Structures are given as C-alpha cells and as structure tokens.
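Trainee: Please build the complex by placing chain F on the supplied structure of chain Y, with the hints as guidance.
In order, the protein sequence lines correspond to chains Y and F. Our numbering applies: residue 17 is where the first sequence begins, and numbers increase by one. Our numbering applies: residue 225 is where the second sequence begins, and numbers increase by one.
Be careful, since some hints might not be right.
[Stated by the list, open to error] Quick list of simulated restraints, FRET-style, between CB atoms:
1) F:Asp360 - Y:Ser74: 56 to 62 angstroms
2) F:Gly332 - Y:Leu191: 31 to 37 angstroms
3) Y:Leu191 - F:Leu335: 46 to 52 angstroms
[Claimed, not checked] A short list of chain F residues far from chain Y (calculated; beta carbon distances all over 12 angstroms):
4) Leu237
5) Leu253
6) Phe255
7) Pro259
8) Arg295
9) Leu299
10) Val302
11) Ile339
12) Ile373
13) Ser412
14) Ser430
15) Gly437
16) Leu445
17) Arg506
If you are wondering where the hints come from, they were derived from the structure by calculation, not from laboratory data. What you are looking at is a predicted structure, and each value in this text was computed from that prediction instead of being measured. C-beta atoms are modelled at their ideal positions from N, C-alpha and C, and glycine is treated no differently.
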Amino acid sequence: MEHFLEFDDVTRSFGAVHAVDHVSISIRQGEVFGLLGPSGCGKTTLLRLAAGFDQPTSGRILLNGRDITALPPNKRPVNTVFQNYALFPHLSVWENIAFGLRVAGRSKAEIKTEVSRMLGLIQLEAHADKKPAQISGGQKQRVAIARALINKPEVLLLDEPLAALDLKLRQRMLLELNKIHEEVGTTFVFVTHDQGEAMSLSNRIAVMNHGRVEQLGTPHEIYTAPSTSFVASFIGDTNFIPGKIAAAGPNDRATVEASGFPAFDAVPQKQFPAGAAVLISVRPEKISLSAERPPDVGLVVSRCQVEDVIYLGSESRYAARVGDHRIWAARLHDRDHSSDSIRKGQDAWLHFSPDDALVLEAVTDKA
Amino acid sequence: MEVNRDSKARRSLVSAEWWLTLPSFGWLLVFFVIPSLIILVISFRTPDVTGGVGDGWTLANWSAWLHPDVRMLSLRTVWVSAVATVICLALAVPMAWFMARWSPAWRGTLLLLVIIPFWTNFLIRIFAWKVLLNHDGLLTRIARMIGIIGDGDSLLYNPGAVLLVLVYTHLPFAILPLYAAAEKFDFSLLDAARDLGASASRAFFSVFVPGIGAGIGAAALMVFVPALGCYLIPDIVGGHESDMLGNRIAQRAFSDRNLPEASALASGLALAVILIAAVLWRLQRTAATSKSAA
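So that you can see chain Y by itself, here it is in the shape it has in the complex (with noise of 0.2 angstroms):
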C-alpha cells in the first residue's frame, strides 16, 4: 500500500517555533522508513504525532486511510519502543511484555502462548522472571520491542532504538531488528540521529531540518543524488566548493565554474540562471590524487598541494589545497598501491568526475 501512515500538512508548533513545519510524508505499508535529522530538527516531535503523545497544531496524521489525527494513544494500533525503553520497573521481563495483552483484556492461556512466542522471537526465555534492573541494555532493547510487537501494531514506532546501546551491541542489534523486521513484516518508522542507522535499516528515508523535510528517498538516491546542501554534508562526507553558474547550457546541462579548477559541464540539481551562485558539492571518494598529470579527457583536473595525510587503516585521507580550498579526497586501501607514494607537503595533480560533482544552490545556513 502506498499510503498507509501519512502525514498531511501536519504542523506541530510551540509559541513562535515550528518543531513540525507543514510536513506531508506517505508511509508504505510494511516497509522501514528513517526519520533522520540533527537534533531538534522535528523528527522526535513527528514520531510522538504518528503515536498520539502530542496532537498537531494543524494537519491530519491518517493510517490505512482512517484519520487517526484526534485518537489518544491508547485507541491508537500503533506501539512505541522508546529510546530508553520505558519498561515497568515493577514487572517481570514476562509481564513487561504480556501488559498490552493483559489491558486488553485477553485470556491467561491466550496470553501465555503470545508470551512465549514473543519471548521465542526475542531469544529470552531464560530471562523471563527478571526486573528490568537485572536484565542488559540489549536485552532491555529486545523486551521493549516484544512488549510493543505483541499488540500486532500496523506501525512500530522505534525511538532512536540503538541510541543507548555501545558500538558492538549496537551492530548486532542493527541486524536483529532487520532480522525481527523480516519476521513479523510490521510496518517500521524509526527516529534517529545517525546516518549510518538510517542507511543501514531503511527502506526509505526522510532526512529533517528545521521541521521540514528535506529529502526523501532511498538511502542509495539520498546519499549519491543529495537536493540540497544540508542533506549533502549530514549524509556522508563531503567537498563543498562555492562556485557560480557561467553558462546555462541546453537539455538542462551549465557550465559550472570555480575558482582554481577548470570550468566544467554538469547537470545541477535545478535550474539556475547564468551568474547564479552554486555549491559544488564532491564526496572524498570520487576525488583522485595523483603524481603524474592524468589525461584530462572528461575528467576536471587541477593542481593541488597536499596539506595532510591520515591514515585510518581500511583508507586514507589526504587533504589537499588548490587555490583558497582544501579539498579532502579518499582512497580505499585494496592491492592497488599507486597512491602510497603521495607525501605531505608534496605537489600533486588532482581529479575527478563531472558527473560526481553535484551543483547545489548557495544557501546561507538557516541556523
């Protein structure tokens, strides 16, 4: 289903300030969908919207159709896992998870077996007469979403799931909730911060700022096809080169110019007028150093001075002046080792693509 949770023009505001500004985004039915953004930019807002903890100031929130914008949370067929998991103190691990069935009013060998499937799922049987206290952060992770799946929600609300977790358990459990996810098939809308999160469990992904929306796609269009600069430089590193429009070509191609490299043909992400001023945005990877002078067909091609170089194992990073920019370029470190022999403080000559070069208008930071 195509639109199955959507926001339709939904504001969400506090005195002056928009934490929700008019976003209208249509959620498919089964799929796992990333709210991304830096915090304070809505996304958390949103996500308490989709679960009835906060009403919007204006706009509707429907699911499968039905307007649910007025339903409290406890109408709603929808569960939260929380960021901090907000399991009851007070209950066992077992009755943690057979709460929503047991205010539901089902029967006790009913709720023994969901029980005992949920706990199956989660892989905690041996865990299921210990508080909360006296369980791990992972485990609490996985209890709190069984609690949440065993209501059979059509969204699973997922705030900022892996926050809490270290870096280890937070790989694994990356690839439990896939796991989790393939399994019961439920529709997913998780909250976070991190990129690498929301590339690695979306489908598709919204990235936020300032209330808005401002990409949507998936992960593979956000990160190589960026709209504007902010999704540009959150997702992914990357070169941001200020340049301007020189020519505005035919089949919406310009020449793009910029101090210290050659001018350029490109598609920019919109059209702009002749003198127009851009962003040329270049991720590290697609940018190539060499020591000899590549032939310069199709490739843009200028001379650098590299400033510095970091090695981090699996690549390196090599920092590298041309005119008033330093320019960072990448390289994977695989059988290949032409590029070891490139030094700091050594001249070189530095390429890449036109067509890994993303023309982005200039804005001025909304901040």
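Mentor: What follows is chain F alone, placed relative to chain Y:
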C-alpha cells in the same frame, strides 16, 4: 599494599560515620529509649494511694487490656486510624502526582504551602477547627443551609469531626514522602502504558501507584502510627463516643493518677507500633533487595 591502604581508609571512614551519628543515637537513647524503658518498668509496679508508683511488682496493670472498654477503644482506635490513613493516601497520592508534574519553579511553592501549617502550633490548629465546626461556626451554618444536617445537629463532638481533624493534621505527613517518591518516578512509563492500550486511570493504578510503592508505605506509616497514639484531637473535637486509646491513657495518668496502668496501656500501644513498623520495614527491605539484586 594498595588494597591494604584502601581498606584502612574505608575503616576510618566507617568509624567517622559512627562518630557523626553518635549524637542522634545519644539523643534517641536519652529521650526515647530510656524513658520508654522506664515506662515499661513502671507498668509492672503496683500503684500507690498518693498517685505515685509503689514498691511491689505485679502483672495486674496489663490486665487493663482485657477490660471490655479498652478492647472497644482499641478497635475504634485502629479503625479510625486506618480510615484516616486511607483518606490521607487517597488525597495525597493525586496531590503528589500533580506536584511532581508541575514545573520545578511551582513545585517549591506547592511544597511550601504543604509545610506552612506546621508554622502554627498543633493545638491552635485543632482549636481553629473547633471554631469552624461549632454550632455557630461557618461550616455548620453552611451545612445547615444546604440541608446536610438538621437544626439540632452539630458537626462537633462526634467521630466524624475526629476523623476530619486527624486527616487535616496528618495530610502533610502523607504528602511529603509521596511527593519525594513521585518526583523520582519516570513519567515516560505512563506514556508507555498508554501506548500499550491502557486508559489514563489504568496507567495511573497499574504503573504510577506501584512505582511509588515505597512512598506509599512510608506515608501510611507516617499517618497510621501517630494517629494510633493521638489523644488531643478526640479530646478537643470528639465526643464521648469518639474517645481513643490515647484518651484512656491520659485519663489514667492525669485524672485517676494510676501511673502503672497508664504505663501498661502506653507500653502495649508502643509495642504494637514497633511491631507494625518492623513488619513494614522488613517487607520494604525484601522488596528493595529483590529489586536491586543484579
């Protein structure tokens, strides 16, 4: 070596703690334990005709507990104290909830309002109720106007008045420990309960109330125990049919000048209170250890 020095430092810290608590222990010993023991000893002496304590030893004073009047008074005392405790909790639990949910700036003000009555003398506050409840008092006139009571009826000198003033004077003792517990309560648990389908009242009773369990235990103890021993309130606003054990003890001590029997009643009451407190303490300790065992 490190370990050695560490344990030595810890030992000196422990002994420092010991010295620091010594004054309070000393205070309790001199002004509570020793007087209680003296009363306990007196309860086994014979009374003398001048109203003092005689030289003989006897168990007869303790048989005062078997007197039908005393048994009736005991039942009433327990009953009135229990009802007062339940009413105080019923008022204080929601109050603690609201105080904890208020902005921190307001909490201080509310807390002050709860404590302010303590600035006025206990006796004066009870007498103030006498003014409000007497046959010309404001509350009596209002009650008469609404038709709750007839022209000849009085709001004063009955068990209801005793209960009312008991609740009034002991409410702050219930609010304070409950507020302390509610302030530490994680209110996001209520969101979680609501999210899992619980109504607001279900979330309140199945998550908030157990969550402040320790506070409820403390509050119940803080109301029930002083209420058991209270005699001023039934003495001032109560009638004959609302006397409590405290009044009997006061009567034996002050009017009848039978100190040994008054001591037997007082010691019996004190022992009962210590027993209740010990049981509650034990319960809370087992609950706490099962919670913290990791």
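Trainee: Against this structure, judge whether each hint is valid.
Mentor: So, going through the hints one by one against the coordinates:
no. : hint                                    : in the structure
1   : F:Asp360 - Y:Ser74: 56 to 62 angstroms  : 59 angstroms, holds
2   : F:Gly332 - Y:Leu191: 31 to 37 angstroms : 49 angstroms, violated
3   : Y:Leu191 - F:Leu335: 46 to 52 angstroms : 49 angstroms, holds
4   : Leu237                                  : 27 angstroms, holds
5   : Leu253                                  : 38 angstroms, holds
6   : Phe255                                  : 39 angstroms, holds
7   : Pro259                                  : 40 angstroms, holds
8   : Arg295                                  : 39 angstroms, holds
9   : Leu299                                  : 34 angstroms, holds
10  : Val302                                  : 29 angstroms, holds
11  : Ile339                                  : 30 angstroms, holds
12  : Ile373                                  : 43 angstroms, holds
13  : Ser412                                  : 5 angstroms, violated
14  : Ser430                                  : 8 angstroms, violated
15  : Gly437                                  : 7 angstroms, violated
16  : Leu445                                  : 20 angstroms, holds
17  : Arg506                                  : 19 angstroms, holds
When held up to the earlier numbered hints, the structure conflicts with 2, 13, 14, 15 and fits the remainder.
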